[in-house]
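Peer 1: Below, each chain spelled out in residue letters.
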Amino acid sequence: MFIFALAFFTNAFAIAWKSTKGEKATRIATALTILGTAVIFVAIVARGMSAGRVPWSNMYEFSITGAFAFALAYLFTLRKYDLRWLGIFVTFSVLIVLGTAITLLYRPTAPLVPALKSTWLVIHVSAAIICGGVFLLANVIAATYLILEKYGDNRPAWAAKIPSLDVLDLLSYRLIAFVFPLWTFAVIAGAIWAESAWGRYWGWDPKETWAFITWVGYAAYLHARVTVGWKGRKAAWLCLIAGSTFLFNYVWVNVWGTGKHTYSGL
Amino acid sequence: MIFALRYVWRQLTSMRTALFLLLLLGLAAIPGSLVPQRTSSPIKVQEFFANNPGQAKLYDQLHLFDVYGSPWFSAIYILLFISLIGCVLPRTIEHAHTAMAAPPAAPSRLEKMEYFQEISGTLARAETILRKDRFRIRREANWISAEKGYLRETGNLFFHLSLILILLGISFSSLFGMRGDAIVNIGERFTNTPTSYDSINFGKLTSPSDLPPFLIKPTNFVAKYNPSTNQPLDYTLTVLTAPNPESKALEKIIKVNSPLKYGDTSIYLQANGYSPIVTVRDRTGKIRLQGPIPFLPQDGNLSSNGAIKVPDMEPQLGFVSQFFPTVDQPKGKPARSSYPEALDPRLFVAAYRGDLGLDSGTPQSIYKIDTKKLFQIGLESMKVGQTYTFEEGSITFEGYVPWVNLQIVKDPGKLLALIGALFAILGLLASLFARQRRIWIKAVAGDKLEIAGLAKNAAPGLENEILEIARKLN
Ligand code: HEM
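Residue numbers (our numbering), protein chains in the order written: chain F, 1 to 266; chain C, 1 to 474.
Just chain F, same shape as in the assembly:
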């Protein structure tokens, strides 16, 4: 099943690579990305059905769904803003995530341990995964900002299609302003679930702590922008720092961390 998704993304990637050449190629690449994303979606549903539960309980499943969320966030943003210059990057990183998931993280389907059986799990995890996709997108844009800022007015040829710095800056802000409430909600849903499973809604477990740090980080970002008036480079750095706490939470806490969120050998 996932081989399929992989194949589609390889295609999309290959074509997107050439897409600097022409409008038509870009269109085809976007269509393929949509198709690939749909295939991943089918794959996720299939995984869920074969396990008889929502497919979000180990790192393999998180990664696949996360890649899906990232691609979806890209496609949605595409409807409002022309982000196609990012296509190469998006397909490439989705490929890498899918690749690692399939080779390193694969686990056969297994039922849930008792603590994970809860509707709040579904709500909490799906919200968190969407946030992950959008945070990542915002960070990619902030990083692009920082890279292009170095070049100033004489951009290299590959960057010709990328919009102006101001647009990048505004775009990453919009994305974050959009997901911040969702992230707040994800953290709260997690707390509600923790309350019913572990008898406390907040216990400063490493995962909770880093979720809180990410939350504080993006709250600081919003303040810095809205009230202190940070823009451009400073805001982009703050966005990257807050984003890296999210990634750190995902990778480090899951793999090397201890605490109640570490289940079932990843």
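Any given hint might turn out to be false.
Taking lysine to any residue pairs in the SDA-like style, the calculated list, with each CA pair at most 25 Å apart, reads [as the list claims (entries may be wrong)]:
id	chain 1	residue 1	chain 2	residue 2
1	C	Lys255	C	Gln270
2	F	Lys231	C	Met113
3	C	Lys456	F	Trp237
4	C	Lys309	C	Pro334
5	F	Lys207	C	Ile78
6	F	Lys207	C	Glu47
7	C	Lys224	C	Glu188
8	F	Lys207	C	Leu167
9	F	Lys231	C	Ala434
10	C	Lys132	C	Thr122
11	F	Lys80	C	Glu114
12	C	Lys204	F	Trp202
13	C	Lys261	F	Arg200
14	C	Lys456	F	Arg233
15	C	Lys309	C	Ser381
16	C	Lys456	F	Leu222
17	C	Lys372	C	Tyr388
18	F	Lys234	C	Phe433
19	C	Lys255	F	Gly203
20	C	Lys261	F	Trp202
21	C	Lys368	C	Leu289
22	C	Lys456	F	Val167
23	C	Lys255	F	Ile192
24	F	Lys207	C	Pro31
25	F	Lys231	C	Lys112
26	C	Lys261	F	Ile192
27	F	Lys80	C	Arg435
28	C	Lys456	F	Val228
29	C	Lys44	C	Gly300
30	C	Lys248	C	Arg189
31	F	Lys231	C	Leu24
32	C	Lys456	C	Arg91
33	F	Lys80	C	Gln436
34	C	Lys204	C	Asp264
35	C	Lys261	C	Thr191
36	C	Lys456	F	Gly232
Computed list of chain F residues with no C-beta within reach of chain C, every gap over 12 Å [to be verified]:
id	residue
37	Leu35
38	Phe41
39	Ala46
40	Met49
None of these hints come from the bench; they were simulated from the model. Ideal Cβ positions, reconstructed from N, Cα and C, are used throughout, including at glycine.
Fit chain C with the ligand to the known structure of chain F by using the hints.
Peer 2: Coordinates of chain C with the ligand only, in the frame set by chain F:
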């Protein structure tokens, strides 16, 4: 003096300070996720002390084993919340005033403002259009000032006030709440009094007499496991319970995600293990100890360690013990359990005699024996029903019962925190998605009008709105 206080207050409630404190709070939360915490992993903290005593002492002085209760962590969030109150309350009052007052006057030269256009139409007509769009309007002789989107500021204030509500809920719980753990063997009765607990903590303004007088008697515990991965699939605990000793007991089910509730006290099923049942006799055959003894699980297959102590014998006896529900004894390796259900249970004991050290004054773990003043007699592995006889007496492995760890929590501020959290989200949505903007229209000459606007935080869409108004006016 007053001047200095004012200065401090102004600094504290300034946006830059708030931003700084917010970033600091994030940074301050980090060490707690890297260093083991007393509240969540006390055993790891003990290990840390045993392995690096010098470093541990330094860490302890910096409160690194209890970051989230430490003075410096508290200082940061208390300052942040003072700053928050100092910032938000005046703004709330100010906002209430502006929401009631008319919009501010139009700027004198509209062509300096954004989206400036010259259009044709009349002020009266413009007023109707703006009113229809539910703008708040100030009409003067030759200009209109209109504003919309107060929801944004309202939502923003609501959000910040809700954060205060969450904090109030948390403080309320820590003052009036309680939390305790009790290990109860299946078939035994738990009465809710402080002495029934293995550990219990009361909030600063609560006392043991506030415990509701309920009773719980676990009657049956079923743990289902996946035979191929050994992972738990389901735990179901059946209990007989009554709100007080006088009333009739009812049968209830407790599961991992569904606690039993008495008012704002909840009883959670947290962990489970085995209690081997043993009988210890002295040389004459007189029973000196009998009953189930809870052992502490060491791994997912419930290999368990425990201590059987017989203090009222002379000399005292102690058994450093291990219990394996399904024993597996690979060659040349220590025994372990290969499955969490009791398919082939085995009790290993190392018998000691001498002084258990119970009178030394320092409290001892009930799962460990201090063997310093003890002399080892022998080792034995027993199946159910077997007896190990030694010079001082004998020990019989009679069987086993499961135990459950009941976590009993009273958290009266929980609801307040939850309400705060929900309001926070609503406020946040309003403040991030409502667009606050002003539109000014000025009569120039004849039916010529000038129009311009201003969007707070460069919210998108104002340009189209202005074009739309111009179109309608034509
Ligand atoms: C627990 C800490 C805090 C969090 C999580 C937090 C979060 C936020 C968020 C997410 C926004 C964005 C709303 C928007 O974009 O309109 C915001 C705006 C704002 N915050 Fe905070 N905040 C905190 C503390 C504070 C403090 C201490 C102050 C005052 C000193 C403050 C003053 C403001 C102001 C004035 C705005 C409004 C920006 C505007 O719309 O003009 N906040 N806050």
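Peer 1: Work down the list of hints and note, for each, if the structure agrees.
Peer 2: Checked hints:
no.: 1; hint: C:Lys255 to C:Gln270; in the structure: 9 Å, holds
no.: 2; hint: F:Lys231 to C:Met113; in the structure: 22 Å, holds
no.: 3; hint: C:Lys456 to F:Trp237; in the structure: 24 Å, holds
no.: 4; hint: C:Lys309 to C:Pro334; in the structure: 23 Å, holds
no.: 5; hint: F:Lys207 to C:Ile78; in the structure: 23 Å, holds
no.: 6; hint: F:Lys207 to C:Glu47; in the structure: 22 Å, holds
no.: 7; hint: C:Lys224 to C:Glu188; in the structure: 22 Å, holds
no.: 8; hint: F:Lys207 to C:Leu167; in the structure: 21 Å, holds
no.: 9; hint: F:Lys231 to C:Ala434; in the structure: 21 Å, holds
no.: 10; hint: C:Lys132 to C:Thr122; in the structure: 16 Å, holds
no.: 11; hint: F:Lys80 to C:Glu114; in the structure: 23 Å, holds
no.: 12; hint: C:Lys204 to F:Trp202; in the structure: 19 Å, holds
no.: 13; hint: C:Lys261 to F:Arg200; in the structure: 14 Å, holds
no.: 14; hint: C:Lys456 to F:Arg233; in the structure: 22 Å, holds
no.: 15; hint: C:Lys309 to C:Ser381; in the structure: 18 Å, holds
no.: 16; hint: C:Lys456 to F:Leu222; in the structure: 14 Å, holds
no.: 17; hint: C:Lys372 to C:Tyr388; in the structure: 23 Å, holds
no.: 18; hint: F:Lys234 to C:Phe433; in the structure: 24 Å, holds
no.: 19; hint: C:Lys255 to F:Gly203; in the structure: 20 Å, holds
no.: 20; hint: C:Lys261 to F:Trp202; in the structure: 19 Å, holds
no.: 21; hint: C:Lys368 to C:Leu289; in the structure: 17 Å, holds
no.: 22; hint: C:Lys456 to F:Val167; in the structure: 17 Å, holds
no.: 23; hint: C:Lys255 to F:Ile192; in the structure: 16 Å, holds
no.: 24; hint: F:Lys207 to C:Pro31; in the structure: 13 Å, holds
no.: 25; hint: F:Lys231 to C:Lys112; in the structure: 23 Å, holds
no.: 26; hint: C:Lys261 to F:Ile192; in the structure: 16 Å, holds
no.: 27; hint: F:Lys80 to C:Arg435; in the structure: 18 Å, holds
no.: 28; hint: C:Lys456 to F:Val228; in the structure: 14 Å, holds
no.: 29; hint: C:Lys44 to C:Gly300; in the structure: 18 Å, holds
no.: 30; hint: C:Lys248 to C:Arg189; in the structure: 15 Å, holds
no.: 31; hint: F:Lys231 to C:Leu24; in the structure: 20 Å, holds
no.: 32; hint: C:Lys456 to C:Arg91; in the structure: 16 Å, holds
no.: 33; hint: F:Lys80 to C:Gln436; in the structure: 21 Å, holds
no.: 34; hint: C:Lys204 to C:Asp264; in the structure: 17 Å, holds
no.: 35; hint: C:Lys261 to C:Thr191; in the structure: 15 Å, holds
no.: 36; hint: C:Lys456 to F:Gly232; in the structure: 18 Å, holds
no.: 37; hint: Leu35; in the structure: 31 Å, holds
no.: 38; hint: Phe41; in the structure: 27 Å, holds
no.: 39; hint: Ala46; in the structure: 21 Å, holds
no.: 40; hint: Met49; in the structure: 19 Å, holds
Checked against the numbered hints listed earlier, the structure breaks none of them; every hint is satisfied.
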